[in-house]
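Enquirer: To get the working numbering, take the position in the sequence shown, counting from 1, and add 92.
Don't read these hints as lab results, they were simulated from the structure.
A few of these clues could be false.
Calculated cross-link-like contacts (lysine to aspartate or glutamate; reagent style DMTMM-like; alpha-carbon spacing at most 20 angstroms) [as the list claims (entries may be wrong)]:
(1) K260 x E229
(2) K409 x E424
(3) K358 x E346
(4) K323 x E397
(5) K260 x D277
(6) K420 x E475
(7) K282 x E129
(8) K444 x E371
(9) K492 x E103
(10) K492 x D476
(11) K154 x E224
(12) K110 x D490
(13) K252 x D206
(14) K211 x D277
(15) K233 x D157
Label pairs and their computed distance ranges (CB to CB) [unchecked claim]:
(16) K444 x K409: 42 to 48 angstroms
(17) N447 x K154: 31 to 37 angstroms
(18) K260 x N447: 47 to 53 angstroms
(19) F334 x Y209: 36 to 42 angstroms
(20) N447 x N354: 40 to 46 angstroms
(21) N368 x K282: 25 to 31 angstroms
By construction, the Cβ of each residue, glycine as well, lies at the ideal position given by its N, Cα and C atoms.
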Amino acid sequence: MNLHLQKSVIENQQSKIKITGSKSETNRLLILQALFEGIKIRNVSNSDDTQVLQKALVSTSKIIDVHHAGTAMRFLTAYYSIQKNKEITLTGSVRMQQRPIAVLVDALRALGADITYLKNEGYPPLLIKGKELINNEVCLKANVSSQYVSALLLIAPALKNGLQLTLKGEITSMPYIKMTLSLLDNIGVKTNFEGNVITVNHQSSIVNRQLVVESDWSSASYHYSLVALSKVGTQIQLSSYFKNSLQGDSVLVEIYKQFGVNTTFKDDCILIKKTNNCELSIINCQLQDAPDIAQTIAITCFGLEIACELTGLHTLKIKETDRLLALKAELEKLGASIVITNNSLQLSASKKITNNVSIATYQDHRMAMAFAPLALKVNLIIEDTEVVSKSYPNFWGDLKYLGISTL
93 MNLHLQKSVI ENQQSKIKIT GSKSETNRLL ILQALFEGIK IRNVSNSDDT QVLQKALVST
153 SKIIDVHHAG TAMRFLTAYY SIQKNKEITL TGSVRMQQRP IAVLVDALRA LGADITYLKN
213 EGYPPLLIKG KELINNEVCL KANVSSQYVS ALLLIAPALK NGLQLTLKGE ITSMPYIKMT
273 LSLLDNIGVK TNFEGNVITV NHQSSIVNRQ LVVESDWSSA SYHYSLVALS KVGTQIQLSS
333 YFKNSLQGDS VLVEIYKQFG VNTTFKDDCI LIKKTNNCEL SIINCQLQDA PDIAQTIAIT
393 CFGLEIACEL TGLHTLKIKE TDRLLALKAE LEKLGASIVI TNNSLQLSAS KKITNNVSIA
453 TYQDHRMAMA FAPLALKVNL IIEDTEVVSK SYPNFWGDLK YLGISTL
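Please take these sequences and the hints and turn them into a complete structure.
Expert: Below you can see the structure in the form of structure tokens.
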């Protein structure tokens with residue numbers, strides 16, 4: 093379904109939005125809960141990815157289809173590899189079958205896992221024959237997706253001899269690795285991270301651990317963009333957020349100060365408010381630790397008619413789509429001048445935004461949500477709007493509540 097967004101203004105100055113738990117935290121905790129029965133989780137994400145993972149973990153089928161859920165594919169590859177005497181075919185969408193998984197499979201095989209590629213070498217679908225893994229030492233290149241690292245760390249406490257994981261080179265997306273280790277620490281698993289070596293001890297059981305998932309900062313980013321593109325004084329309250337977040341995307345608080353957006357923490361909520369207009373001519377951000385907010389930042393800059401240079405974006409090419417190519421194509425439709433490399437994006441300041449442009453979303457939830465705030469500047473058409481359910485099913489309803497009009 094396509095959605096026609098009319099040029100709008102956020103009128104409600106007392107807007108309060110409830111965003112459900114972080115998909116990243118929830119999905120990690122669901123794997124740990126499947127391994128250890130004593131874990132209880134509150135404020136679970138309502139995203140498609142989480143629902144796919146929840147269904148997979150209780151399924152009795154021998155074929156598990158995760159569709160577009162990349163996190164589920166990676167975490168379940170590791171999870172099923174240690175389910176003794178269980179044989180699973182793990183598959184996904186056409187795009188999922190184009191997303192590489194050899195780095196994780198090679199690491200699991202080094203630990204003793206029995207995993208076979210059913211089509212193309214290095215890509216799903218996979219045939220996984222679960223068994224007890226005795227080996228406890230493995231190496232990974234440190235610049236790979238942090239989800240490969242986290243997939244190994246999540247099963248580590250269930251391994252008979254624990255795990256010693258050595259990361260070679262410069263580490264990518266450190267906050268996501270630290271998130272996984274913090275969640276392990278929170279359930280009582282002993283971990284250690286010194287230099288490039290991570291050690292996780294074996295844990296036989298977990299008793300009565302209740303954990304509250306913080307709301308998703310990636311989802312909050314679109315509200316930051318809305319406020320940044322609005323008039324001074326516009327504010328939105330979001331819940332539930334913590335000042336000492338485990339999520340790398342919480343760097344939004346500091347980044348959006350540059351756009352004149354201030355964040356106030358109160359109880360379990362944040363109040364984001366446009367306090368002044370941005371006076372910078374260019375924004376520079378290194379986003380290696382928070383690549384999922386790159387689209388939001390680039391489009392905020394475009395809407396504010398300022399330039400930006402974003403780096404640390406190499407993982408965007410293996411997401412739901414090649415997000416760098418997709419951003420370039422759709423921003424150019426709107427009149428932007430943009431240059432991309434394998435690792436960066438440079439956007440020139442633009443004085444005009446083309447009206448009534450139709451934005452392709454490439455089956456990527458973040459493309460749809462990142463472009464939507466431009467409805468504060470021009471009329472806009474967002475294609476295939478249902479893709480937002482992957483991470484933020486209530487997104488369009490929340491925009492309507494804030495005052496964004498649709499045809």
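Enquirer: Next, verify each hint and record whether it holds.
Expert: Verification of the supplied hints:
1. K260 x E229: Answer holds: K260 to E229 is near 13 angstroms, not above 20 angstroms.
2. K409 x E424: Distance ~18 angstroms between K409 and E424 Cα, so the pair holds.
3. K358 x E346: 17 angstroms, holds
4. K323 x E397: Status holds; Cα separation ~14 angstroms.
5. K260 x D277: Violated. K260 to D277 sits at ~24 angstroms, over the 20 angstroms cutoff.
6. K420 x E475: 17 angstroms, holds
7. K282 x E129: 18 angstroms, holds
8. K444 x E371: Holds, at about 18 angstroms.
9. K492 x E103: 11 angstroms, holds
10. K492 x D476: Given pair K492, D476 holds - Cα atoms ~17 angstroms apart, limit 20 angstroms.
11. K154 x E224: Satisfied, since the Cα-Cα distance of roughly 19 angstroms is no more than 20 angstroms.
12. K110 x D490: At roughly 9 angstroms apart (the allowed maximum being 20 angstroms), D490 and K110 satisfy the hint.
13. K252 x D206: 17 angstroms, holds
14. K211 x D277: At roughly 38 angstroms apart (the allowed maximum being 20 angstroms), D277 and K211 break the hint.
15. K233 x D157: Violated: K233 and D157 sit about 28 angstroms apart, past 20 angstroms.
16. K444 x K409: 42 to 48 angstroms: 29 angstroms, violated
17. N447 x K154: 31 to 37 angstroms: The hinted range 31 to 37 angstroms is violated for N447 and K154, with Cβ atoms some 52 angstroms apart.
18. K260 x N447: 47 to 53 angstroms: 50 angstroms, holds
19. F334 x Y209: 36 to 42 angstroms: 41 angstroms, holds
20. N447 x N354: 40 to 46 angstroms: 31 angstroms, violated
21. N368 x K282: 25 to 31 angstroms: 47 angstroms, violated
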